[in-house]
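Peer 1: In case you want the letters, here they are:
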Amino acid sequence: MIPNQSNNSIFSDAAEDLGVEKKIFAIASGKGGTGKSTFAINFSLALAALGHEVILIDADLGGADISNLLGISTPRYTMKDFIHGEVTYLAEVLESTPSPKLRLIAGGSDIVSISNPLYQQKMKLIRNMSQLEADYIIVDLGPDISFNNLDFFNAAPVGFLITQNIDPIILGFYRFLKAAFVRRLKQEFKKEQYILNIINDFQNQGWSRKRRNLIGSIRAASREVHGRLEMVLETFQPKLVFNKVESNAAKKTADQMFSFILENFGFRMQTVGYFPLDRDVERAYAHSEPFLLRYPKCHVAKALFELLVVAGLNKTNSGERIESFSQFIRYTKIEAPSWQFLKV
Amino acid sequence: MSKEVEVNKSPRSEDRRKGGDRRKVHTDPATLPFPDRRKGERRQMDRRIVSEEEKKEIGKKIIPDGEDG
Chain A
1161 MIPNQSNNSI FSDAAEDLGV EKKIFAIASG KGGTGKSTFA INFSLALAAL GHEVILIDAD
1221 LGGADISNLL GISTPRYTMK DFIHGEVTYL AEVLESTPSP KLRLIAGGSD IVSISNPLYQ
1281 QKMKLIRNMS QLEADYIIVD LGPDISFNNL DFFNAAPVGF LITQNIDPII LGFYRFLKAA
1341 FVRRLKQEFK KEQYILNIIN DFQNQGWSRK RRNLIGSIRA ASREVHGRLE MVLETFQPKL
1401 VFNKVESNAA KKTADQMFSF ILENFGFRMQ TVGYFPLDRD VERAYAHSEP FLLRYPKCHV
1461 AKALFELLVV AGLNKTNSGE RIESFSQFIR YTKIEAPSWQ FLKV
Chain B
13 MSKEVEVNKS PRSEDRRKGG DRRKVHTDPA TLPFPDRRKG ERRQMDRRIV SEEEKKEIGK
73 KIIPDGEDG
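Which chain is which? The protein sequence lines are A and B, in order. Heads up: take any position in the first sequence, counting from 1, add 1160, and you land on my numbering. Heads up: take any position in the second sequence, counting from 1, add 12, and you land on my numbering.
Isolated chain A (complex conformation):
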């Protein structure tokens, strides 16, 4: 299944706009086990294979496992060293990977204190992330709806949500999306108490058919906030990736969800990728290896390439546009020998 490959996609525009600032992508899901970390790793590797400098940040504070999935069992430094103030800058905890273009900031797992950083520590982390020197920064978030995840998600210019066409996972995705949007609204209108009251009422009274028009209520409250409200609605446009797709049903679900979200919250969403159910991904995962390197020709690798096309990211660092999947495979095959485990 190929997503709409319009050259005028919102995402392409957003990616172009990012030219003036850091291209930071946050990856979230709202539910564990959707394939978020697998996507983050392979997406980062795909960009690194095209010659871009990429930093992958494991921001699943407390539950980090990307270093394991990349075969780096004991990273020298982790996020813990930065959060605990043992180093001054986040750049000091960068860990190299077998790929010369990909660097990692490992999250410190098994440590309770860093899974709940203080507000100041979190803000310091977000500031430092935007100061890192790289072409792309990929931030893999935790699965839960904590303020950490919501704030990291909202701080990134582009957010991906990974979901599957299964009831509890769609609900998890919707719950995360709604919580992130409400938090974004509250941050924007934190000085306008009357707007905060509308949002709080909306949250406290629960959703119902009669009361669901949150955006309409804010618009009706004051004309002065219209401009800022429109700005929030225009910039809050998470990109959806459907994982483990088995049929066209996922596309229909996505269409239904998007019209529901637009009607109730006033912002637009876009699906940028449909990743088919593929045994090769599970096989690669079982070996703690990225599917892109172990099975560069697999169906999901093709879907990942199609996502790069839709997102306008199918360019090498020298600006050459990669038009075909076979051309893309050549780049990923060049990348593969750097990884020790693939030589065995």
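By construction, these hints were calculated from the structure, which means they are not laboratory data. Careful: at least some of the hints might be erroneous.
[What the hints assert, rightly or not] With a straight-line cut-off of 27 Å between C-alpha atoms, the simulated DSSO-like cross-links for lysine-lysine are:
#, chain 1, residue 1, chain 2, residue 2
1, A, LYS1412, B, LYS68
2, B, LYS67, A, LYS1346
3, A, LYS1282, A, LYS1351
4, B, LYS67, A, LYS1411
5, B, LYS51, A, LYS1351
6, B, LYS51, A, LYS1411
7, A, LYS1282, A, LYS1240
8, A, LYS1240, A, LYS1284
9, B, LYS51, A, LYS1346
10, A, LYS1457, A, LYS1411
Got chain A; can you put chain B on it based on the hints?
Peer 2: Then chain B, alone, in the frame of chain A:
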């Protein structure tokens, strides 16, 4: 004959009296699920992100695999 007044009677050290209390953690009260007692609220509010009615509505939007015609 003027007598020198001792100003510094605080038992806290000089550096502790400079600036605000840095131990304070700033939190946005609007994001906390606790009742605002200044407004007379007593019970904890229902801050469920997704209501039961909403869940049912979303459930109708999900087209399961194999039922896409």
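Peer 1: Tell me the numbers of any earlier hints that the structure contravenes, in ascending order.
Peer 2: Violated hint: only 6; rest satisfied.
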